[in-house]
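Listed in order, the protein sequences are those of chains D and Y.
366 is the number of the first residue of the first sequence in our numbering; add one for each residue after it.
149 is the number of the first residue of the second sequence in our numbering; add one for each residue after it.
It should be emphasised that the hints constitute simulated quantities derived from the structure, not laboratory data.
Any given hint could turn out to be false.
In silico SDA-like links for lysine to any residue, alpha-carbon gap of 20 Å or less [said to hold, decoys possible]:
1. 367/D x 366/Y
2. 191/Y x 367/D
3. 367/D x 248/Y
4. 191/Y x 609/D
5. 367/D x 368/Y
6. 306/Y x 318/Y
7. 383/D x 276/Y
8. 367/D x 251/Y
9. 367/D x 151/Y
10. 367/D x 195/Y
11. 367/D x 150/Y
12. 367/D x 365/Y
13. 613/D x 217/Y
14. 191/Y x 619/D
15. 191/Y x 611/D
16. 367/D x 249/Y
17. 613/D x 223/Y
Short, incomplete list of chain Y residues facing chain D, as computed with Cβ under 8 Å [stated by the list, open to error]:
18. 222
19. 225
20. 231
21. 236
22. 272
23. 386
24. 389
Anything over 10 Å on all C-beta distances counts as not near chain D; from chain Y, calculated [unchecked claim]:
25. 310
26. 314
27. 318
28. 418
Just so it is clear, the structure is predicted and the values come from calculations on it, not from any experiment.
All C-beta atoms in this analysis are idealised placements derived from N, C-alpha and C, irrespective of residue type, glycine included.
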Amino acid sequence: MKELAAVLGVGQTRHRSKRTDVSIAGLCREAADRALLDAGLALTDIDAVVVGKAPDLFEGVMMPELYLADALGAVGKPLLRVHTAGSVGGATGLVAASLVQAGLHRRVLAVAFEKQSESNAMWALSIAPPFSLPVVAGAGGYFAPHIRAYIRRSGAPSHIGAMVAVKDRRNGALNPYAHLQQADITLESVQASPMLWDPVRYDETCPSSDGACAVVIGDSEAAEASQAPVAWIRATAMRSEPTMFAGKDHVNPRAGAEAAAALWRQAGITDPLDQIDVAEIYVPFSWYEPMWLENLGFAAPGEGWRLTEAGETRIGGKLPVNPSGGVLSSNPIGASGLLRFAEAALQVMGKAGAHQVPGARTALGHAYGGGSQFFSMWVVSSTPR
Amino acid sequence: MTEAAVVGFAQSPCGVREDATTSGVEMLVPIFAEVFGATGLTKADIGFWCSGSCDYLAGRAFSFVSAVDAIGAVPPAMESHVEMDGAWALYEAWVKILTGEAEIALAYGFGKSSGAELRRVLALQLDPYLLAPLWPDSVSVAALQARLGIEAGRWTEKDMAEVAARSRAAALANPRAQVSGEVAVSELLGRPYVAEPLRAHDCAPVGDGAAVVIIASAERARDLCARPAWITGFAHRIDSGSLGARDLLAVPSAAAAGRAAGADGVEVAPVEVAELHAPFTHQEILLREALGLGGGVTVNPSGGALCGNPMFAAGLARVGMAAQAIMSGQAGRALGHATSGPALQQNLACVMEGR
Chain D
366 MKELAAVLGV GQTRHRSKRT DVSIAGLCRE AADRALLDAG LALTDIDAVV VGKAPDLFEG
426 VMMPELYLAD ALGAVGKPLL RVHTAGSVGG ATGLVAASLV QAGLHRRVLA VAFEKQSESN
486 AMWALSIAPP FSLPVVAGAG GYFAPHIRAY IRRSGAPSHI GAMVAVKDRR NGALNPYAHL
546 QQADITLESV QASPMLWDPV RYDETCPSSD GACAVVIGDS EAAEASQAPV AWIRATAMRS
606 EPTMFAGKDH VNPRAGAEAA AALWRQAGIT DPLDQIDVAE IYVPFSWYEP MWLENLGFAA
666 PGEGWRLTEA GETRIGGKLP VNPSGGVLSS NPIGASGLLR FAEAALQVMG KAGAHQVPGA
726 RTALGHAYGG GSQFFSMWVV SSTPR
Chain Y
149 MTEAAVVGFA QSPCGVREDA TTSGVEMLVP IFAEVFGATG LTKADIGFWC SGSCDYLAGR
209 AFSFVSAVDA IGAVPPAMES HVEMDGAWAL YEAWVKILTG EAEIALAYGF GKSSGAELRR
269 VLALQLDPYL LAPLWPDSVS VAALQARLGI EAGRWTEKDM AEVAARSRAA ALANPRAQVS
329 GEVAVSELLG RPYVAEPLRA HDCAPVGDGA AVVIIASAER ARDLCARPAW ITGFAHRIDS
389 GSLGARDLLA VPSAAAAGRA AGADGVEVAP VEVAELHAPF THQEILLREA LGLGGGVTVN
449 PSGGALCGNP MFAAGLARVG MAAQAIMSGQ AGRALGHATS GPALQQNLAC VMEGR
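Chain D extracted, bound-state conformation (with noise of 0.2 Å):
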């Protein structure tokens, strides 16, 4: 049976386009000493190690975990390394959490990155195997197409994604660790920067960024013997489907729906918008914010981007969403789901800075990947029920 899990620390990097100062060893080492700080524990403290990261080709080293045994103080302990795309950083630490779960382990140390610098992303995602579809544009070329499905399904005005952009990239420059610091940032300037992938502007995009995340999850015991507040793991799922099939609706995936509606029972909550204080949402491209909100439950279909444009996830509205200045305002591919469930982790321990959302008790974090295909998701609050 299902033991209780909780949050006892975290720790990140601190995110740039190229941290040439440190080393791929040197980088997942910086997030990890900080989450065992945070935990008050030490590398020896730990019982198993789960690492995980976007596509090996991202830095041009295959399965680089064997590598990093010895700089994550893994030697002679179990060490899983997890891929699902996009979503892996998720997945990560949901692996990691289960570990604690099923009563195998007591702490365990999760830690996700990507050193973006060391290769070329755009060209790791650009090679044509034979038989497969190309998806030589890149990332923005593949997701644009299904936003202007979303606008002409919804509805929605334009400046939407524009809004979301300003409020992401002000919260990432209350976050010291974000790698985009951009405090003057307006709708103006946002609508114009040039466009990429139309409705996609340079702004509204996410950055190419070197950067670790690291969490120490533990069971009861170890939760109770921590010194500072843990999050709570009330709730996790996971669900994936194929990149295209008959029927598959890349606006609102089936799988993220389902992931999603088992998330919530699994709280126990049956009012996502009014129960949920904060939600950490894997937003690479701006208007994956309304569109999640309505995946996610938050929103009926068509409606998500009302609660933008009412300013209703901004910090001080009905649900702030990225706080942390989320995945636009930081991308370390690998790492930027799991600092998404950090960030949740982190609101409800009330240990958020500047970017704290007051009063948060119950909070969201997740991350999807592939093409809309693979999610993951968690629900952690400041009280284990």
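With chain D fixed as given, assemble chain Y onto it according to the hints.
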């Protein structure tokens, strides 16, 4: 603790598969049908799916994504992936059963090792700053390990050839093997070196393949299989990634994983059969010792990885073959072992028993 058992196993023929792409789909669809046929299950019965594969083998990013097509994941499935051998996917599936989130789980692994020069590709698993730029390929790294053992008096080239001859003879009974046959040790020793002291027979053949294992909770296992292979111990460990910092003649991660899984028979009854994932002959000798297997244990009745080593499926196939020995009634207790990384860096042990 919740118990789980292996209830089904299938593997594709090992070999260079001109008909199969790097997505794995062509190799997976037939073995999914085979394992579903044997257990009477359908995809709708699977509560959790987990796969093991590697982008570097496929030469592209996100290679596992197309494999999801082999599942037919509509409606959506609870699914995950490890960039590791499928044996670790089975471990994750086992964890899911223990949490109670799934009652039946399916793990699969696949790899098209023949797509490029495998020994060169595997060099990229080494330290990317200090070692990989020198391109020490996987066969050469294993040869260093074999040479150390010979110089330390742990084994001879003849001992190594005996492992190969025994494995190939055993593989005559395994229709999915890539290599098999009766061959004299003296004849093998007359053949040229590939990387001294390794000859071709000391190295696993390069081949493509896939494997699938289904596990179920105690409540479901007996309905699905007349004699389930109950998992009594399942553990894995990793050693240092720095070849210079490791004693290449000790495999502490295999010893620790074996001990944690009860493979050594110290605290529980010893295993009768062991399927060891040893891609090089001398590594079988090292693993027998590290895992504490006595002389009475039948090792690699399938022929082992030396007779078929589809990367990222071969470890899962070892666990599957060990389970098969129990499900068929041939063994009471069996060990399935998997390895990953240069020179046996990472090791997994799964001990199963029939009841």
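Checked hints:
1. 367/D x 366/Y: Given pair residue 367/D, residue 366/Y holds - Cα atoms ~16 Å apart, limit 20 Å.
2. 191/Y x 367/D: 25 Å, violated
3. 367/D x 248/Y: Distance ~6 Å between residue 367/D and residue 248/Y Cα, so the pair holds.
4. 191/Y x 609/D: 19 Å, holds
5. 367/D x 368/Y: 18 Å, holds
6. 306/Y x 318/Y: 18 Å, holds
7. 383/D x 276/Y: 17 Å, holds
8. 367/D x 251/Y: Status holds; Cα separation ~13 Å.
9. 367/D x 151/Y: 13 Å, holds
10. 367/D x 195/Y: Holds. Residue 367/D to residue 195/Y sits at ~16 Å (cutoff 20 Å).
11. 367/D x 150/Y: Within the cut-off at roughly 10 Å; holds.
12. 367/D x 365/Y: 14 Å, holds
13. 613/D x 217/Y: Holds - the C-alpha atoms of residue 217/Y and residue 613/D are around 13 Å apart, at most 20 Å.
14. 191/Y x 619/D: Answer holds: residue 191/Y to residue 619/D is near 18 Å, not above 20 Å.
15. 191/Y x 611/D: 18 Å, holds
16. 367/D x 249/Y: Measuring from Cα to Cα gives roughly 8 Å; hence the hint holds.
17. 613/D x 223/Y: Holds - the C-alpha atoms of residue 223/Y and residue 613/D are around 10 Å apart, at most 20 Å.
18. 222: 5 Å, holds
19. 225: 6 Å, holds
20. 231: Holds. Min distance 4 Å.
21. 236: Since the shortest Cβ distance to chain D is 6 Å, the answer is holds.
22. 272: Nearest chain D Cβ about 4 Å off; hint holds.
23. 386: 4 Å, holds
24. 389: 4 Å, holds
25. 310: Answer for residue 310/Y: holds, closest chain D Cβ roughly 31 Å.
26. 314: Consistent with the label, residue 314/Y stays out of reach of chain D, its closest Cβ about 30 Å off (over 10 Å).
27. 318: Correct as stated: the minimum Cβ-Cβ distance to chain D is 30 Å, above 10 Å.
28. 418: Non-interface label on residue 418/Y holds, nearest chain D Cβ at 24 Å vs cutoff 10 Å.
Going down the numbered hints, you'll see the structure goes against just number 2.
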